[in-house]
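Number of protein chains: 2
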Amino acid sequence: MSYFDAASAAPLHPVARQALSAALDDGWADPGRLYREGRRARMLLDAAREAAAEAVGCRADELVFTSSGARAVQTGIAGVLAARRRVGRHLIVSAVEHSSVLRSAEVHEGDGGTVTRVGVDRTGAVDAQAYAGALRPDTALAVLQSANHEVGTVQPVVEVAEVCRGAGVPLLVDAAQSVGWGPVEGGWSVLTGSARKWGGPTGVGLLVVRKGVRFAAREKEEFGGLPAIVAAAASLRAVRAEADREAVRLRELTERIRVRVPALVPDVEVVGDPVRRLPGIVTFSCLYVDGEALLHGLDQEGFSVSSGSSCTSDTLTPSHVLKAMGVLSEGNVRVSLPLGATEEDVERFLAVLPGVVAGVREKLGAPVAPVTLVRDDVLVVDALGRRCPIPVIELAKVIGDVPVGGTVRVLSDDEAARLDIPAWCEMRGQEYVGEEPADHGSAYVVRRVS
Amino acid sequence: MSYFDAASAAPLHPVARQALSAALDDGWADPGRLYREGRRARMLLDAAREAAAEAVGCRADELVFTSSGARAVQTGIAGVLAARRRVGRHLIVSAVEHSSVLRSAEVHEGDGGTVTRVGVDRTGAVDAQAYAGALRPDTALAVLQSANHEVGTVQPVVEVAEVCRGAGVPLLVDAAQSVGWGPVEGGWSVLTGSARKWGGPTGVGLLVVRKGVRFAAREKEEFGGLPAIVAAAASLRAVRAEADREAVRLRELTERIRVRVPALVPDVEVVGDPVRRLPGIVTFSCLYVDGEALLHGLDQEGFSVSSGSSCTSDTLTPSHVLKAMGVLSEGNVRVSLPLGATEEDVERFLAVLPGVVAGVREKLGAPVAPVTLVRDDVLVVDALGRRCPIPVIELAKVIGDVPVGGTVRVLSDDEAARLDIPAWCEMRGQEYVGEEPADHGSAYVVRRVS
Chain A
1 MSYFDAASAA PLHPVARQAL SAALDDGWAD PGRLYREGRR ARMLLDAARE AAAEAVGCRA
61 DELVFTSSGA RAVQTGIAGV LAARRRVGRH LIVSAVEHSS VLRSAEVHEG DGGTVTRVGV
121 DRTGAVDAQA YAGALRPDTA LAVLQSANHE VGTVQPVVEV AEVCRGAGVP LLVDAAQSVG
181 WGPVEGGWSV LTGSARKWGG PTGVGLLVVR KGVRFAAREK EEFGGLPAIV AAAASLRAVR
241 AEADREAVRL RELTERIRVR VPALVPDVEV VGDPVRRLPG IVTFSCLYVD GEALLHGLDQ
301 EGFSVSSGSS CTSDTLTPSH VLKAMGVLSE GNVRVSLPLG ATEEDVERFL AVLPGVVAGV
361 REKLGAPVAP VTLVRDDVLV VDALGRRCPI PVIELAKVIG DVPVGGTVRV LSDDEAARLD
421 IPAWCEMRGQ EYVGEEPADH GSAYVVRRVS
Chain B
1001 MSYFDAASAA PLHPVARQAL SAALDDGWAD PGRLYREGRR ARMLLDAARE AAAEAVGCRA
1061 DELVFTSSGA RAVQTGIAGV LAARRRVGRH LIVSAVEHSS VLRSAEVHEG DGGTVTRVGV
1121 DRTGAVDAQA YAGALRPDTA LAVLQSANHE VGTVQPVVEV AEVCRGAGVP LLVDAAQSVG
1181 WGPVEGGWSV LTGSARKWGG PTGVGLLVVR KGVRFAAREK EEFGGLPAIV AAAASLRAVR
1241 AEADREAVRL RELTERIRVR VPALVPDVEV VGDPVRRLPG IVTFSCLYVD GEALLHGLDQ
1301 EGFSVSSGSS CTSDTLTPSH VLKAMGVLSE GNVRVSLPLG ATEEDVERFL AVLPGVVAGV
1361 REKLGAPVAP VTLVRDDVLV VDALGRRCPI PVIELAKVIG DVPVGGTVRV LSDDEAARLD
1421 IPAWCEMRGQ EYVGEEPADH GSAYVVRRVS
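If you read the protein sequences in the order shown, they are chains A and B.
Per this note's numbering, residue 1 is the first one in the first sequence, and the count goes up by one each step.
Per this note's numbering, residue 1001 is the first one in the second sequence, and the count goes up by one each step.
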């Protein structure tokens, strides 16, 4: 098996495992107690905090451990919003943040606060000027990830931090994807991380609040297990020691995928910034492919990857990141290489991918009930009740029958069509005219340009 | 070393350690993913949930894991309060709940809700009729522990659940101290537990919400590490397998302490219900002893215990449990035996305790600046600025000088005196007249009866 989903959860680093095992003997007691076992636990906790703080680049008393990265985000956002309530209740986030950030934003709205969601360009990056434009006198907090978890694009944290600092607004950086690679530069105020992203155990997050930042903690430091914290800190140090060399190696491997997938597989869009990106993540989308079938096919070939396609998630809506970028979501694959991923595995992935994609396309391209008709002189593709990627497949089939300059209407009630039909037009050089309400679902109008 | 503080955190059970180690290999991936590693993690999670549910006596789909016992309490209380907001915002708790429950109650009050705190008798037990009396038409939730964490007293959960059920009010039972011993009987609605109390790893709590109970979850299931969950479930099963036999054995050992400590050490009060109590916990308080010095002395002799005395906590206030019971808090010691505690260790504890207590008393009884004077014909003990247990020590020194029927005033600004002077009177058969405001602190008036 080749596990290529390190951005979800990295396999436990060997150092984490050793540290965990050792800490189980000394770290089970309550570190708040005065007796021997408690003092020993307290020493372990303090040492882990020192080590993590050094890696993050902060003071030990600015860092607390939490029970997960999501909890760090939640506590961090809530803590600043509560402390700065008198300033106002306006929160700025980017549209491509992790779901834990967006969830906190929704909760804030539910409690009567207001939220501005800053959009991104087609690479997934925000613009510092967009943050500047979003700042208001009542802005309590701005949030920005250090790098995107789905497409790997690195965000302009230094620039955004400067803009926020100029306005006296604290910036919280969700550094979950980048803590293992190095400290976050720039004048951020609050920072969050998650141990399982760098090869530490699950159940450990970290929350850094710079001295001088107003922060209202609703509860004492709360963390999962102390042995897990010790393992998290030890593995962070180990990962950092090899980070520079490993970054060069993984960047070369993901670059291979970026360059060769479009040559190997027809109708593919590689997404995310080609240069300003994390070393280990590469994401692409394949037209006319169902994401779930693709993941299943890759799993059978021994590759574990994830997908932002709608059909692979519980919610049946495509990834909010791909949506915000305005890129294709169908047949989406995120490859995120763990430390130590081998060239052989990547080559084998490139070798099997074309066959897996072709297999899925063949199955989906098989004759389906006729769905096109001509109504009032306009060609109509009736894809109602059909799930992604059928609407786009049927559109591609009929576009040749549309006279140049003429239009075709695609009827669809699949949420993914709203994203994928415009993305298909962009890829194919056709004109996306717009969406119109229909009796059921929507009608997506496309004009044939060439 | 003899670790006698299992009620804070039990040492990791050997089965937990084995299970944790095995689960590190198979349980690091995201159980929500579709590929092999994710499916394997999901299977481990489901199996752990099944095992824990069987031990608790509920359906697997009624149980979720949380990142700690405190988090289970917090989520459980908030979830019912939110779901039943239309019924009302009244919450009932007992005065001797764990601090996590009392903290949730304070948060609820801060958010505009109302809270009734039901008192306890001198053994620490609540009365079901007191809960009946506290119920109101706008009561959203009642909370009661299965057994008290400081004195071991078992609460009448079955009776209180019946009273609540009659009024249509859900009862949340904080079963942290008893889950390892057996299922909680009675018609409770919500139940919480903490793995580190039964010998599982830290960082795992459980929250059970019975089908049909209205509950608003603000977030998805959130837990620490999956390996820790697997270890928690495995150790719960292992602990339960030996629970009946171990309960008999530990009960005999704590009974020895209950009976022999008052014979070995003068001026001791053993607190908590002598019969309806947890097998492994016994708590006593020693007059004229400073809790911190006592713990330090016992630690030097190799015993790790905890204390509800004011001088041993950060807050400098005595344990809210001892306060609610109206018993002595000074020189307080809680012995909570872990599974497997040996007779030899207990005998050694009984052998060293008298010397340790005597040593502390000797140090504190050493000449101090004269603090008694006669003012307006009344004997006044000026203990202002002096910390527990000095006020009580000075009171005991002068009571012989007070004529029978006469009174003595003790001036003190130590919060513990408010609890300990009445408790001393109760123990010594003297009359506690009451507290009066003084220029500094308070004057506690005691009448000599015999």
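Please keep in mind that the hints were generated in silico from the structure rather than gathered at the bench.
Don't be surprised by glycine CBs; every beta carbon is placed ideally from N, CA and C.
You may find that some hints are simply not true.
As the list claims (entries may be wrong) - Not close to chain B: a few residues of chain A, all C-beta gaps over 12 Å, as computed:
1. V56
2. A167
3. D345
To be verified - Covered stretches of chain A, going by a simulated chain B footprint (3 or more residues, C-beta under 8 Å):
4. 1–9
5. 36–49
6. 65–71
7. 200–210
As the list claims (entries may be wrong) - Some chain A residues flagged as far from chain B (calculated, every beta-carbon gap over 10 Å):
8. D30
9. R122
10. R251
11. E252
12. V433
Taking the hints in turn, this is what the structure says about them:
1. Even its closest Cβ contact with chain B, about 21 Å, leaves A:V56 beyond 12 Å, as expected for a residue assigned away from the interface.
2. Chain B leaves A:A167 outside its interface by the beta-carbon criterion, the shortest separation being 30 Å against a cut-off of 12 Å.
3. A:D345, annotated as away from the interface, keeps every beta carbon of chain B farther than 12 Å; the closest lies near 14 Å.
4. Here the region 1–9 of chain A counts 5 residues with a CB under 8 Å from a CB of chain B, which clears the bar of 3, and the coverage holds.
5. Against chain B, the region 36–49 of chain A contributes 3 residues with a C-beta closer than 8 Å to a partner C-beta. That satisfies the three-residue criterion, and the hint holds.
6. Look at the region 65–71 of chain A against chain B: 4 of its residues bring a Cβ nearer than 8 Å to a Cβ of that chain, three or more, so the hint holds.
7. Coverage of the region 200–210 of chain A by chain B holds. Counting CB-CB distances below 8 Å, 4 residues qualify, and the rule asks for three or more.
8. Non-interface status of A:D30 relative to chain B is broken: a Cβ of that chain comes within 10 Å, the nearest being about 5 Å off.
9. Even its closest Cβ contact with chain B, about 27 Å, leaves A:R122 beyond 10 Å, as expected for a residue assigned away from the interface.
10. A:R251, annotated as away from the interface, keeps every beta carbon of chain B farther than 10 Å; the closest lies near 24 Å.
11. Listed as a non-interface residue, A:E252 keeps its Cβ farther than 10 Å from every Cβ of chain B; the least gap is roughly 25 Å.
12. With a least beta-carbon separation of about 36 Å from chain B, A:V433 lies farther than 10 Å from that chain, consistent with its non-interface assignment.
Of the numbered hints stated above, the single one contradicted by the structure is hint 8.
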